[in-house]
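Put the two chains together into one complex, using the hints given.
Here the protein sequences line up with chains A and B, keeping their order. For the first sequence, this note's numbering begins at 338 and goes up steadily by one. For the second sequence, this note's numbering begins at 5 and goes up steadily by one.
Some hints here could point you the wrong way.
One-sided and incomplete, this derived list gives chain A residues near chain B with beta-carbon spacing under 10 angstroms [claimed, not checked]:
hint	residue
1	409
2	575
3	578
Part of the chain B face toward chain A, derived, beta carbon under 8 angstroms [said to hold, decoys possible]:
hint	residue
4	44
5	46
6	51
7	77
None of these hints come from the bench; they were simulated from the model. Glycine included, every Cβ here is placed at the ideal spot set by N, Cα and C.
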Amino acid sequence: MTADALLLGALALLTATLGVVGGLGGAILFVPALVLVGVAPAEAAPLGMLMVAAGSLGAAVPQLEEGLLNHRIGVVGELGASLGVSVGVLVSGLLTTTALTWTLAGAALAAAGALGLRSGLRNKPDPRTDEASIGEHLGRLAGAYWLAGAVIPYRVRRLSLGLAMLTLTGGLAGVTGTSGGYLKTPILSEVMHVPVKVAAATVTFMVGITAATGLVAYAAQGRLDVGAGMVAVVGGLVGGRLGALVQVRVSPVIARRVLGAVLVVVAILLVLR
Amino acid sequence: MIGGWRRSGTSVGLRLATWTCFLLGSVALLLPPSFAIWTGWVVIGILVAAPITRVLRIAQVWWRAGDRRFAGFAAAIPVVILAGAVLVGL
Numbered sequence: 338m339t340a341d342a343l344l345l346g347a348l349a350l351l352t353a354t355l356g357v358v359g360g361l362g363g364a365i366l367f368v369p370a371l372v373l374v375g376v377a378p379a380e381a382a383p384l385g386m387l388m389v390a391a392g393s394l395g396a397a398v399p400q401l402e403e404g405l406l407n408h409r410i411g412v413v414g415e416l417g418a419s420l421g422v423s424v425g426v427l428v429s430g431l432l433t434t435t436a437l438t439w440t441l442a443g444a445a446l447a448a449a450g451a452l453g454l455r456s457g458l459r460n461k462p463d464p465r466t467d468e469a470s471i472g473e474h475l476g477r478l479a480g481a482y483w484l485a486g487a488v489i490p491y492r493v494r495r496l497s498l499g500l501a502m503l504t505l506t507g508g509l510a511g512v513t514g515t516s517g518g519y520l521k522t523p524i525l526s527e528v529m530h531v532p533v534k535v536a537a538a539t540v541t542f543m544v545g546i547t548a549a550t551g552l553v554a555y556a557a558q559g560r561l562d563v564g565a566g567m568v569a570v571v572g573g574l575v576g577g578r579l580g581a582l583v584q585v586r587v588s589p590v591i592a593r594r595v596l597g598a599v600l601v602v603v604a605i606l607l608v609l610r
Numbered sequence: 005m006i007g008g009w010r011r012s013g014t015s016v017g018l019r020l021a022t023w024t025c026f027l028l029g030s031v032a033l034l035l036p037p038s039f040a041i042w043t044g045w046v047v048i049g050i051l052v053a054a055p056i057t058r059v060l061r062i063a064q065v066w067w068r069a070g071d072r073r074f075a076g077f078a079a080a081i082p083v084v085i086l087a088g089a090v091l092v093g094l
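Extracted from the complex, chain B is given alone in its bound form (with noise of 0.2 angstroms):
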């Protein structure tokens, strides 16, 4: 089970997602304004799409793997979400 986590891509994913963020908010650090306003939007598009990518390959992998119960249950999530936020904006 954790060899499997391990060599999978959303391990992979996560890494590269948490180092891009930690340079890149290292950097906005010591740059100019304007530029490091840039590079922060960045850094939070990245801590937003990293949650909802991960549930969303989850659900993937656990397809794949016939689990199709909770597949669908992480399927569900980002839908749940966008849903909460469309009543909560209506």
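The following block holds chain A by itself, in its conformation from the complex (with noise of 0.2 angstroms):
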């Protein structure tokens, strides 16, 4: 194997682990980086797209079986987002990309800062809910989560708003060329009320299927490079599987921190870009 290859590995490996705990897909961090290294932005798109998918793969059964994830969230959030990523992609040609990127940037500090002013945990322990509870819960969207010996019962609070934020999120994706993870992670948490590492794990099982969707089109379009993406796909594929079990470990509040800081991080590089 040769040293690019293992740079490759690498940094697929290092963000997929990050995009798993934040649930920010991480292509948003990979894609940057190798093009900093020399990687050609017109294949590196494609090679996020592997690395997301593959780290979403590699996530899903540690977040299935600690039961952070909630599908009813994802499944009712891809929905609108899907929607706003046909209708992005369909108006990408009326917006001038340089208006876009900013407005990304500027969403994204909004939601670094958002992620970074409160303190504490909105979702407390209740005694009435058991461990029988973890999950999420049968024609609701709701559910319970462990955390440090506690079961933390949890809803969603103002759907539309956050459905409606969600949908223009994938809007913005479909014209940017993005999973937009790094936005829908936030408004889980902080518009939705979703406490935030199973917002966060809810994410990567949304992305998984906005890459599925983003490979197919990339597949068509003869973008990709199946012998690099083996490397990407390794590389996230370990990656996700270590985010989501630092994810089970890591309390929430440093979660929100440690998501904020990349946000401000993203924000830098989609300027740069």
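Written as structure tokens, this is what we have:
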């Protein structure tokens, strides 16, 4: 294996780990990093999509078994986001990339501010809930998760506003060719009051669907470099698994701070890109 | 709730898909390019099929559990993606 392949694999592993812990997807970090080390942007974007798909798959089993992710929230959110992506791709020719990049960078900074300014935990342990209620609840956008020996129940608030914002995020993602995970997690957490760890795990599930759609498009355009792609896939699978294991152990407050810090980096990368 | 997913076909299928991708992806790095390309396309096929199959499986599980509304939302996702792809293609 060449030094270039090792660097690609290491970057995929690192960004997939961060992407899963923060619920970012990770392409927003991986693609600019590849461009910085000399990969052409047209080749870097499909590699980013492969890494996101692999990271999402690598994280799936641990997140499922820990009861962290909520499929119902993911499915409802992804419906809105997918509709937005289609509209975004259709109107992408009508908007200037520069204006959109600054909009996305501003949104990332606003999300970082919202995450950083809030202190403590919004969702508190409820003594009436027990271990049997961990996971998602039938027929409702609600659930419970395990945190430091206590069961924390939660339910979605401000659904209409959150869905409108997720649809808008999907539209922006469609225009700019990103998965938008770095905005979806703060929307779930700060607007819809989903605990940040549940939000991150749920968005990791959502970006797997987005990446699958993107991979079909790139394959149809003949833009997938299968050889280099396998390095990104192996790095992404390992990073996704590692990220899910870290996510279980990290406290929500630290997860929120790390996500906020990474979003500031994302905003800078967006502007520099 | 946790036990339900741990024992479910979804969890087993995802575990199988993850390990297959990891093993085939690693093998592809060692094979000559002509063989590695075919192995790589199998891995990409699994990466695309896994989330779509997962959503359809979830829809089936929820439908059987009587959660028809959310089963409908889950089943709508591949339709929305397909419709979007057709729209974008046109």
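Item checked: Broken hints, by number -> The structure conflicts with hint 5 only, although it agrees with all the remaining ones.
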